[in-house]
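Undergrad: Sequences and hints are given; from them, build the entire structure.
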Amino acid sequence: MTQPALTLYLAAPRGFCAGVDRAIKIVELALQKWGAPVYVRHEIVHNKYVVDALRAQGAVFVEELDECPLDRPVIFSAHGVPKSVPAAAEARKMIAVDATCPLVTKVHNEAERHHLAGLQMVMIGHDGHPETIGTMGQLPLGEVLLVETAEDVAGLVVRDPGKLAYITQTTLSVDDTAGIVAALQARFPGIVGPHKEDICYATTNRQAAVKAIAPKIDALLVIGAPNSSNSRRLVEVGRSAGCTYAQLVQRATDIDWRALEGISAVGVTAGASAPEILVNEVLDAFRARFDTTVELVETAQENIEFKVPRILRESV
Numbered sequence: 001m002t003q004p005a006l007t008l009y010l011a012a013p014r015g016f017c018a019g020v021d022r023a024i025k026i027v028e029l030a031l032q033k034w035g036a037p038v039y040v041r042h043e044i045v046h047n048k049y050v051v052d053a054l055r056a057q058g059a060v061f062v063e064e065l066d067e068c069p070l071d072r073p074v075i076f077s078a079h080g081v082p083k084s085v086p087a088a089a090e091a092r093k094m095i096a097v098d099a100t101c102p103l104v105t106k107v108h109n110e111a112e113r114h115h116l117a118g119l120q121m122v123m124i125g126h127d128g129h130p131e132t133i134g135t136m137g138q139l140p141l142g143e144v145l146l147v148e149t150a151e152d153v154a155g156l157v158v159r160d161p162g163k164l165a166y167i168t169q170t171t172l173s174v175d176d177t178a179g180i181v182a183a184l185q186a187r188f189p190g191i192v193g194p195h196k197e198d199i200c201y202a203t204t205n206r207q208a209a210v211k212a213i214a215p216k217i218d219a220l221l222v223i224g225a226p227n228s229s230n231s232r233r234l235v236e237v238g239r240s241a242g243c244t245y246a247q248l249v250q251r252a253t254d255i256d257w258r259a260l261e262g263i264s265a266v267g268v269t270a271g272a273s274a275p276e277i278l279v280n281e282v283l284d285a286f287r288a289r290f291d292t293t294v295e296l297v298e299t300a301q302e303n304i305e306f307k308v309p310r311i312l313r314e315s316v
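Heads up, the sequence shown is in UniProt numbering, so the first residue is 1 and it goes up one at a time.
Since the hints were derived computationally from the structure, they do not count as laboratory data. No residue lacks a Cβ here, since even glycine has one placed at the ideal position from N, Cα and C. Don't take each hint at face value.
No farther apart than 20 angstroms at their CA atoms in a straight line, the calculated lysine to aspartate or glutamate pairs in the EDC-like style are these [unchecked claim]:
(1) LYS196 / ASP175
(2) LYS48 / GLU276
(3) LYS25 / GLU302
(4) LYS25 / GLU276
(5) LYS163 / GLU112
(6) LYS211 / ASP175
(7) LYS216 / ASP291
Pairwise CB distance ranges, derived in the manner of DEER restraints [stated by the list, open to error]:
(8) VAL158 / ALA288: 51 to 61 angstroms
(9) ARG239 / ARG287: 19 to 29 angstroms
(10) ALA117 / ARG287: 49 to 59 angstroms
(11) GLN32 / ALA186: 48 to 58 angstroms
TA: Below, the structure written as structure tokens:
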């Protein structure tokens, strides 16, 4: 039987960003340097495939520091941690390696700088997300106020309306965040923003690529984990750009083929913590069912690389 024709529009950039690459490399280098087990506080990045692969190499994932033995190294995830976590590791004389993405660290440093200048912070982010917890935990309680939506701005109770700054989670929707920033600036005209956009280059680039393919497609598949903020934002961006069927899938086995019956164009992208092997798995699954033509839609090129911490560049 002849297979139905289908065009797959493959977004670029997609998948791993420099911060995720670095975090995974940190765990692998730590295993090489100290042997297994190496402990990781929280998932190193939000992707089950990646976490399972590192677990198979000897990484042990825990939620809190007190689950780690004192005589083994501990790695802090790419999302960042509150200041209290490295302080506790130091007090326990543990070997600690920080895999926080440098672009998240940039936001931490911004918050610290504004705090020292006497400003109270407003953070735009998702309540309960590890990055938000880590960033808010850089400053004393009450110094960072969280808003998730433009509507939240009206309810903010601040110490001094004239002494405010805002920061954002790095993995938010660019468009949604712009609306929240506008609400903050309307209510607090003197609020100080970041020198450079807090939403990271990888999040921005992946969202732009989805917007570029949205007019061409009948459906969008975003490869990523349910707890991955940047992956979930890609689904939302696709829907906002007019793609009525936009779904998050962890891998090819999650695709709802019945929902794709009768369509002729599908977009595929991947969140910043999804490896390319899962993209290839999805492409192969389409090739098995359709006469598939793949078209690359590239909106930017990325060549950023972050160094791993010095402790891993030194010999044992």
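Undergrad: Next step is simple, just say for each hint if it's right about the structure.
TA: How the hints compare with the structure:
Between LYS196 and ASP175 the alpha-carbon distance is near 16 angstroms, which keeps this suggested pair within the 20 angstroms criterion. With a CA separation close to 14 angstroms, the supplied pair LYS48 and GLU276 stays within the 20 angstroms bound. Between the alpha carbons of LYS25 and GLU302 the distance comes to roughly 18 angstroms, so the proposed pair stays at or under 20 angstroms and holds. Of the supplied pair hints, the one linking LYS25 and GLU276 holds, its CA atoms being roughly 16 angstroms apart against a limit of 20 angstroms.
Proximity of LYS163 to GLU112 is assessed by CA-CA distance (about 14 angstroms); at most 20 angstroms being required, the pair is judged to hold. Our distance criterion of 20 angstroms between C-alpha atoms is met by LYS211 and ASP175, whose separation comes to about 11 angstroms. Distance hint between LYS216 and ASP291 is fulfilled; the C-alpha atoms sit about 18 angstroms from each other, no more than 20 angstroms. Separated by about 57 angstroms at the C-beta atoms, VAL158 and ALA288 satisfy the suggested range of 51 to 61 angstroms.
Checked against the hint of 19 to 29 angstroms, the C-beta distance between ARG239 and ARG287 comes to roughly 26 angstroms, which is consistent with it. For ALA117 and ARG287, the hinted distance range of 49 to 59 angstroms is satisfied, since their beta carbons lie about 56 angstroms from each other. Taking 48 to 58 angstroms as the suggested C-beta distance range, the pair GLN32 and ALA186 conforms, at roughly 52 angstroms.
Consistency note: the structure conflicts with none of the earlier hints.
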